[in-house]
Amino acid sequence: MIDQAPVLLVVVPLLAGICCLFLRGQLLPWIWAQITTLAVLGIAIHLLFRVLNEGAVTYAMGNWPQEWGISYKIDAINIFVVLIVAFIGCVTTCYARQSIASEIPRDRHHQFYSMWLLALVGLLGITVTNDVFNIYVLLEVSSLTIYTLVAMGKTRDKRALTAAIRYVIIGSVGASFILVGIGYLLMVTGTLNLEDMARAIAALPEPERNRTVVVAFAFLFVGLSVKMALWPVHMWLPNAYGAAPSAVSALIAATATKVGIYMAVRFLFTVFGPDFTFLSLSTTVGQFTFSCSGILLTCACLGVLVTGIQAMQQRELKWILAYSSVGQIGYMVIGLALVNHAGLTGGIVHLLNHALIKGGLFMAAGCVVFRLGSQRLEDLAGLSKRMPITAAAILVGGLGLIGFPLTAGFISKWYLVSGAFEAGLWPVAAVLLTGSLFALIYVWRVVEVMYFTAPPENAVKVREAPLSMLICTWILVGGSVVLGIFAQPTVALAGHAAKQALTGHAQILGLPPVTTVPDPAVQEEVVP
Amino acid sequence: MKEQLVLRVVAKCLIPPILIFGCYIITHGELSPGGGFQGGIVLASAFILHALIHGRATLHQAFPRNLWATIATIGALIFAGVGTYSLLRGGQFLDYGWIVPSHPAKGEPWGMTLVEYGVGLTVCSVMVLIYDMISEPAEDDPTVDEDSA
Amino acid sequence: MSLFATHANYWFAILIMMIGLYGIIAKRNLIKQAIALGIFQTGIFLFYVSMAVINGGTVPVWFLDEAGKKYAGPYDNPLPHCLMLTAIVVSVSVFAVAIAIIVNIKHAYGTIEEDEILNLEAEAAAGSEA
Amino acid sequence: MSEQLLVDLGLLSLIAALAIAVIEVRSLFGAAMLAGIYSLVMALEWTTLHAVDVAFTEAAVGAGISTVLLIGALVHVGRDEKKPRRRVDLRGLVVVGITGAFLVYGTLDMPAFGDPQAPVHTHRAVRLVEQQVGKLPGGPGERHAAVENAADTAFEPTSVVGSDPLDLVDDFAGHVPNMVTSVLATYRGYDTMFETVVILIAGMSMMLLLQRRRKDVR
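Chains as they are written, first to last, in our numbering: chain A, 1 to 528; chain B, 1 to 149; chain C, 1 to 130; chain D, 1 to 218.
Isolated chain A (complex conformation) (with noise of 0.2 Å):
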C-alpha cells in the first residue's frame, strides 16, 4: 500500500468526498471531512520524506507507460505546493464547522462538505499529475466546485451570485484558453505527458521561431495568468473573495491562486524550459525588446502598485484583503521573473507564507462576521476591546502583509529584494519596497478603527469568536510568525524546489544545464 501513496493523495479525498453524499445532518459530513483532510496532511508528509531521500516519486495509473498512459510526478516543487494544499485545508475544515454551520442552510451540509472535498481534490491532482489534459480537467474540477462554493455565500450577501457569475464566464475562458494551448502544443509534439513534451519541444528546429509554439506558449500564459489572478486579468477576484462564506474565502485564498501559480512554474520552466521561456523568447520591436520575463515583471509590478492603491479604498476588511492578494500574488510572479535562485526561492516561500498569513486574515475576518454579522470597516470600531484575541490575529497577520522583520512575509521579501539586486533591477526592488509601504497604510486603516477607535454607543454587546475559530485562526496566524523566526526549514524546502525549477528541464533532456545554475550554497547571479 505505502507505494501508493502518491494515488491516495488524490483518490482518498476523492472516495470521501463522493461518499460525503450519503451522510446527512451537520455534524457528520463536518467529522468525515476533518478525518480526510487530516488523512490527506499524513499522506503529503509522508510523501515529503519520501521526495527527500528518494527523490522525485512517480506512479503510472492503470500501470500504462506514462507516454500513453496518466502518471504522477511527485518532485521537490510540488511536494512543497501539496503540502501547503493538504495543511491549509486541513486547518480551514476545521475552522468550516462553526463558520458553515452559520452561514449555509442546514440541510445542505453533506452537500457543501462534498463539494469542499472535492475542491482540494482538484487542487491537489492539479499539482502531482504529469499530464496536460489530466491538469485541464482537474482544472475544471477545482474551478467548478470552487464556483459553486463563492455562489453559496448568497444567503449572506447576494453579491456572491455576480461575483460567481463572473468567475465562471472569466475563468471559463482562461482555462479554455489554456485548452487552445494545449491543443496548439499537442499539434506540434503529439504527446499529452509534461516531460515527453518538454523533450518534443526541445527536439524541435528553432522552437522559439516555430510560430504554433510561440502561440501555444502565449495562450497558456494569458489562461494561467487568469487562473492565478495575475494583475490586468484578475477581475475576478475581488469580490469573489469578498463575498464568499468565510471559510471559503479562507481556503481559496491560500490555495487556489497559489496552484495557478505552481502552474504557470510547471509550464514556464518544466515544459518550455527556462531558457525557452526567458532568453529565447524575445523580440525586439523598434528600441522595445519584449521578453517575457520583461512582460512578466510589468505587470507583477503594476499589479502590486494599482492593487495596494485599490486596497486602500476599500471600506469592507475582505475587500481589503481580497485586493491585498492580487498584489501579494504580484510578488510571488516577480520572484518566478527574476530567474534566479535567490528571487525563485522567495516566490516559492512566499506561496507558504502567504497562504498562512492571508488565510489567517480571512479567517479572523469570518470571526468578525460570525459575531458582528458585518465586516464595513465603520463597524469595527473599537474591536480591540470587544474581541481581542481576534483584533490581534488581524494586527499580526497584517504585520506579515507589510512584511515587518520577525514574520513569514518578512523573510519572503529579504529574498525577493536580494533576488532584484543580484538581477541588477533596481525599480522592482523599489516596487518591492513601495508595495510594502502601500501595505502599512491599508493594514493601519484596519488598525486604526480596531485600536483607536472608540465603539459606537448603541453597538450590540458581542463576546469572542468561538474556540474552534480562534485557535485555527492562530495556528495560520502565529505559524506565520513562527515561520518568521525559524525560516530555515521552509526556506530550505523552497530552495530545492527553486533549484529543481532551474535544473528539471535540462534534467529531463539529458543534458547539462545550459543555464549557468547556482548551487544554493553559493548564490551566483544566473544570466538572464
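Heads up, simulated BS3-like pairs for lysine-lysine below, C-alpha to C-alpha not over 27 Å straight-line:
id	chain 1	residue 1	chain 2	residue 2
1	A	K158	D	K82
2	D	K82	C	K106
3	A	K385	A	K461
4	D	K83	A	K158
5	C	K106	D	K83
6	A	K158	C	K106
7	A	K73	A	K499
Worth flagging that the hints you see were computed from the coordinates, not collected in a lab.
We have chain A; now place chains B, C and D onto it with these hints.
Just chains B, C and D now, with coordinates in the frame of chain A:
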C-alpha cells in the same frame, strides 16, 4: 400536458424503446460508437419525456429526488471503486487486469464494461436531476406547493 | 490558395472561437454570455477534431473488410476525439452551473442584464455609505 | 479542391452563420432554438470529420440537454434580451480581431490538414491505434505464473459478451474495435473518472443552488 391523448400514446410507445436503446449504447460502446455518457443521456431523455408529459410529481412518485442523487453518487463510486479495487489487490490504480488476476486479459473487458455502466448511471441521473432542478419554482414563490409544477 | 486548402479547417475553428469570444465580450445578457461561452468551446473542439483527420482515413472503429480481415487503415486518430469527449462533458457541466447561478441572480436581483446588476450594486453600496 | 473539402467548408460556413445568429438574435427563446440547431449541424460536421463518438455526444448534449436547460432557465429569467446600446461592440471586435489574427498566425507552422506525417499521428498515437501499448512490469500476470504471456497484450480473444460464434469480437483478437472507447476507458481512464466526477459536481451544484428548501427548515 396530461390531457393530450396523442402525446401520451406516443410517449408510451417511445419510452420503452428509448430505455432499451440507452442500455444498448452503454453496453455496445466498445464495439460501435457510443458509450456510458451517450447512453446515459439517452436513458435520461426517456425519464425527462415522461416527466414532461405526466408532470414532475409523477416522476417523483416512482423515483424520488433523493434516489436520483443516490444513483448519481453510486455511479461515480462504481468508477472510483473499480480503480480502488485493483489498488487494494496490490496493483496500480485503475489497472483492470486485477479484476481477474488469474487471467488479466479477461479483467480488461470487465473493467471497461463496469466503468461504462458507472458513467452511464451518473450521467443519466444527473441529467434527470438537472431537468428536475431547473423546472423547480423559485424559492420565494408563495403560489406554488411542494412537488406540484 | 494552397495554404487555404490545407489550413481552412483550422481557420474556421478559429473563426467560430472568435464569434463566441465576441459574444462573451459584447453581450450584456448573462444567458447570452453563457451560450457564447459554449460556442467558444465548440470552436476549440472543432480545432482538436480537425487535428485528428488523416487523408484517406476512416472512422476510428475497426471493421472487417470484404475478405473478412481487419481493415488495415489508415484510421483517424482517436486521441483528440477522446479528449474532446471529456471536454464536451466539462463544457456542459460549466454551462449547467452557470445557468443555475444565473437563475439565482434573477431571483435575487430581478434582472440578468449585467449593466442593470452593476447599477443595482452601485446603488446598494452608495446606500450603505449614507 | 476535393468534394470532401467543399462539403466541409459548406457546413462550416453554415455553422459560422448559425453561431453569429445565436449571438445576435434578440429573443432568448430564438437563441435557445438556434443553439440546438447549431449543435445538430455541428454533429453533422463531426460526422464528416469521422468523429462519430463526438458527433453522438454533441447531438445528445447540445441539442438535447443544453436546450432543455436553456428553456428551463428561460421560464425563470424571461425570454427577451434588453436592447443593446450599440449594435456592434467595437472594443469586442478589436480584442477578437487581435486574438484571432494571433491564432491564425500560429496555424501557419502547423502540418497541413490531414497530413499523415503530422507528429500527432506519428509520435505516440500509432500504438494507441494499434492497441499495442504493453503494460509496465508489476501487473497481475507476472505474479500469477500460471498465466502465459498475459503481460504482452492487454486484450485477449474473449470478452464479456461471451465467446458466442455469432460474436464478431473474436475477429479482432479480443481488442476493442472502437478505439475511442478503448483510449477513453483504459489509457486515459483516469481522465474519464474525473469526467464522471465533473458531471456529478454539476448535478450537486444544481441541487445546492436551486433546490427549494423543505418546509421544516425554512
